[in-house]
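Residue 17 in the numbering used here sits at position 17 of the sequence shown, and the numbers go up by one each step.
No wet-lab data here; the hints were simulated from the structure. Be careful, since some hints might not be right.
Claimed, not checked - The calculated lysine-lysine pairs, modelled on DSBU-like cross-linking and capped at a C-alpha distance of 35 Å, are:
| id | residue 1 | residue 2 |
| --- | --- | --- |
| 1 | Lys222 | Lys208 |
| 2 | Lys265 | Lys208 |
| 3 | Lys84 | Lys157 |
To be verified - What follows is a list of derived Cβ distance ranges for each label pair:
| id | residue 1 | residue 2 | range |
| --- | --- | --- | --- |
| 4 | Ser85 | Glu160 | 26 to 32 Å |
| 5 | Lys84 | Glu200 | 36 to 42 Å |
| 6 | Glu281 | Gln123 | 45 to 51 Å |
All C-beta atoms in this analysis are idealised placements derived from N, C-alpha and C, irrespective of residue type, glycine included.
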Amino acid sequence: MTLYPANKQLTDYPQIQGEFPFLLSINELTRPFPAHRHDFLECSLVLEGEGWEVVNGIRHRMTPGTFTFLLPFQVHELGVEPGKSLRLYNCMFDREWLTFGMNGGGLLGKLLFREEGGDAYVQLAAEETAEIAGLFHSMEREVAEHGRWSREMVRLKLSELLIRFDRFCGPRGIIRTGDLPERGSVWPAIRHIQYHYREELTLASLAKEFGFSIPYLSAEIKRKTGMNFLALLHSIRIQHACGLLLSTSLTGMDIAAEAGFNSYKAFMRNFRAAMGMTPGEYRRENQEFRE
Numbered sequence: 001m002t003l004y005p006a007n008k009q010l011t012d013y014p015q016i017q018g019e020f021p022f023l024l025s026i027n028e029l030t031r032p033f034p035a036h037r038h039d040f041l042e043c044s045l046v047l048e049g050e051g052w053e054v055v056n057g058i059r060h061r062m063t064p065g066t067f068t069f070l071l072p073f074q075v076h077e078l079g080v081e082p083g084k085s086l087r088l089y090n091c092m093f094d095r096e097w098l099t100f101g102m103n104g105g106g107l108l109g110k111l112l113f114r115e116e117g118g119d120a121y122v123q124l125a126a127e128e129t130a131e132i133a134g135l136f137h138s139m140e141r142e143v144a145e146h147g148r149w150s151r152e153m154v155r156l157k158l159s160e161l162l163i164r165f166d167r168f169c170g171p172r173g174i175i176r177t178g179d180l181p182e183r184g185s186v187w188p189a190i191r192h193i194q195y196h197y198r199e200e201l202t203l204a205s206l207a208k209e210f211g212f213s214i215p216y217l218s219a220e221i222k223r224k225t226g227m228n229f230l231a232l233l234h235s236i237r238i239q240h241a242c243g244l245l246l247s248t249s250l251t252g253m254d255i256a257a258e259a260g261f262n263s264y265k266a267f268m269r270n271f272r273a274a275m276g277m278t279p280g281e282y283r284r285e286n287q288e289f290r291e
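Model the full assembly from the supplied sequences, consistent with the hints where possible.
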C-alpha cells in the first residue's frame, strides 16, 4: 500500500477566519514534524536554534536566518537533533487572498509560479535577518491590534516579504517567458489547475495540453498531492466557494458557477462532502467573521 504524506488545509486551523485566511505564529520545535503537504502557502524564518528541513526530498540545514517559502502541495518535514530546539516565525496564508484584486496576481502571481526545482529557502545575513524579522513582527502587531485597515496592511507587508524573498533568491526565483519545466514534471499541470479551476477541465484535456499520457498524469497528480485529479479540482473549487460565501451576498447558484461547477447539484454534493454542511449553513455558521 502506498503511503502519502498528510494533507493539511487552512480550514484545519480553527483560529483562521474565512475572510482572513492568514495565520502567523512563533513556534518552538523540540521534536521532528512529520512529512506533510497542504493547499496553502507557507513561509518561515528561523530565529534561534538549529535543525533541518526536507522539501520534495531535498534536505537543508535550518539556522538563524534561514528564510523558507513553500508552495502548495510541496512535501516537507522538519526536525531537530535530540536535546536541541528550533524557534521560528511561521506564516500560513491563502494565495487568492494575497493576490485579491490583482490582474493575474501581477508580480506575486509570477513569484507563486516558481518551478519545482526553484529555491525553497535562502540563508540570510544578520542584517537581512533583522529586516525580515521586523516585517514578521509588524504583521504580528497588525493582527493583534486589529485596527483600521489592519488586514490590508498585513497583505501589503506579506507582499513585501515575498518580493524580498525573490530578491534574495536572485534570477532563479521568478519564472520568465521561455523558461522550460523539468522534463516529466507535472507541477506546471498542477499549477494550471490552481489557476484555471473555474474553467471546464478534464484529465484528458490536461494531459493533452502538457504532453502526458492520461495514466501517467493521473498517477503523478496522486503521488504529488495525495488526491486524484477530480478530488484536487473539487477541493480548490470548494475553497474558492467558501471565500465567496463569507465575502459576498451571491446566491448559491451564482457561487456554484463562479467556482467552476457545471451544475448547482454537483456544487451542493461536493460542498456537503467536503465541509459536512450545506453552503447556506456554512454562511450562517461563519456570519460572525463577516465585516
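Checking each numbered hint in turn, tell me which of them this model violates, lowest number first. 5
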